[in-house]
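Q: This is what each chain is made of:
There are 2 protein chains.
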Amino acid sequence: MGRWEPDTRGRLERAAIELYLEQGFDQTTVAQITRHAGLTTRTFFRHFLDKRDVLFVGMDELTERVAKAIAAAPAAWPAVKAAASGMNIAAAALQLRRDEAQNRRKLINTTPELRERELMAFASVAKTVAGALSERGTEERVARVTAEAALAAFRVAFEYWGEHPDRELPQLVDETLDELKRVLGSDA
Amino acid sequence: MGRWEPDTRGRLERAAIELYLEQGFDQTTVAQITRHAGLTTRTFFRHFLDKRDVLFVGMDELTERVAKAIAAAPAAWPAVKAAASGMNIAAAALQLRRDEAQNRRKLINTTPELRERELMAFASVAKTVAGALSERGTEERVARVTAEAALAAFRVAFEYWGEHPDRELPQLVDETLDELKRVLGSDA
Numbered sequence: 001m002g003r004w005e006p007d008t009r010g011r012l013e014r015a016a017i018e019l020y021l022e023q024g025f026d027q028t029t030v031a032q033i034t035r036h037a038g039l040t041t042r043t044f045f046r047h048f049l050d051k052r053d054v055l056f057v058g059m060d061e062l063t064e065r066v067a068k069a070i071a072a073a074p075a076a077w078p079a080v081k082a083a084a085s086g087m088n089i090a091a092a093a094l095q096l097r098r099d100e101a102q103n104r105r106k107l108i109n110t111t112p113e114l115r116e117r118e119l120m121a122f123a124s125v126a127k128t129v130a131g132a133l134s135e136r137g138t139e140e141r142v143a144r145v146t147a148e149a150a151l152a153a154f155r156v157a158f159e160y161w162g163e164h165p166d167r168e169l170p171q172l173v174d175e176t177l178d179e180l181k182r183v184l185g186s187d188a
Numbered sequence: 001m002g003r004w005e006p007d008t009r010g011r012l013e014r015a016a017i018e019l020y021l022e023q024g025f026d027q028t029t030v031a032q033i034t035r036h037a038g039l040t041t042r043t044f045f046r047h048f049l050d051k052r053d054v055l056f057v058g059m060d061e062l063t064e065r066v067a068k069a070i071a072a073a074p075a076a077w078p079a080v081k082a083a084a085s086g087m088n089i090a091a092a093a094l095q096l097r098r099d100e101a102q103n104r105r106k107l108i109n110t111t112p113e114l115r116e117r118e119l120m121a122f123a124s125v126a127k128t129v130a131g132a133l134s135e136r137g138t139e140e141r142v143a144r145v146t147a148e149a150a151l152a153a154f155r156v157a158f159e160y161w162g163e164h165p166d167r168e169l170p171q172l173v174d175e176t177l178d179e180l181k182r183v184l185g186s187d188a
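Chains S and L, in that order, are what the protein sequence lines are. Each residue of the first sequence is one higher than the last, beginning at 1 in full-length UniProt numbering. Each residue of the second sequence is one higher than the last, beginning at 1 in full-length UniProt numbering.
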């Protein structure tokens with residue numbers, strides 16, 4: 001990819017989110033997005049499969065970074081700590097682009113078609129995280145449930161962040177994981 | 001509903017699952033299902049919205065029973081114990097219809113369209129469980145993360161059951177929740 005590509009993609013993403021919020025996802029065409037971004041349709045399709053994909057390409061990339069962080073976690077760390085470090089990578093990345101992340105969230109929550117796609121994406125993130133934990137030597141079923149629980153904490157923190165946009169997402173993820181630990185510990 | 005309705009529905013469900021497994025979900029029509037069950041198309045649409053719905057109506061009903069079980073749990077029980085009791089209701093119900101549940105699972109796992117629908121259904125179960133916990137007085141964010149974690153344990157146990165059909169699902173759900181507690185406790 002050339003030097004300006006990341007910005008090109010960012011421009012398309014921002015234009016898409018703006019238009020989706022303004023006039024609705026269904027009512028927006030790729031041609032409108034590219035016009036709004038001052039770019040060509042051809043450029044759009046060099047970056048995205050379709051107008052739904054615009055909102056999820058970043059998530060795929062973030063998932064890869066999460067998996068790498070888990071793989072790079074010290075071998076002595078327990079599975080949940082390794083998983084949490086992955087969630088923190090994702091949270092920090094979203095915090096850096098707070099407004100965009102919040103707008104994207106708002107949009108997905110109000111568009112069933114996007115919500116379905118997001119649930120599929122989260123299921124795939126859980127699978128990737130479980131795979132990364134297995135690679136570190138965690139037994140498979142334990143890896144799966146740890147990944148699912150870490151993702152659950154992340155999603156709950158993410159929803160909460162939507163309602164409390166002035167809080168910091170990484171902090172909320174930590175808090176939610178701590179709450180989960182406390183709650184599960186209270187049934188001993 | 002008349003006296004024979006539950007059996008009518010069961011016949012349609014079993015006929016649908018058989019045909020979906022035999023010839024694929026996409027290739028199966030409602031007319032084929034009703035012919036296979038020896039019933040009319042009209043009867044089919046008295047019970048289900050469409051051919052996808054056949055596989056999920058039971059899940060909606062089970063969700064209601066889960067919510068009721070949580071509401072009926074002793075007030076002194078911690079949230080996770082109340083949530084677990086709900087999961088056990090669902091696990092016991094599926095165990096009673098093991099072959100059907102296993103076939104349904106196989107089918108959903110191999111049909112992306114059904115997988116999407118299932119993820120939406122699980123999201124809605126999590127919401128219902130969180131709501132039931134809130135009603136008992138659990139703080140909202142705690143209720144959400146507890147519900148998500150209980151569902152995560154359930155789903156992992158359910159997947160595992162698919163690979164080990166001779167195990168008992170309620171037992172697997174308990175084991176998975178215990179593993180989750182252990183894993184989350186190991187990061188203290």
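Since the hints were made in silico from the structure, they are not lab data. Since this is a predicted model, take the numbers as computed values, not measurements. Wrong hints could be hidden among the right ones.
Note that identical chains are pooled: a pair holds if it fits in a single copy or bridges any two copies.
As the list claims (entries may be wrong) - Capping the alpha-carbon separation at 30 Å, the derived lysine-lysine pairs in DSSO-like fashion look like this: (1) K81 / K68; (2) K181 / K127; (3) K51 / K81; (4) K127 / K106; (5) K181 / K51.
Q: Name the hints, by number, that the structure is in violation of.
A: Hints 3, 5 contradicted; others consistent.
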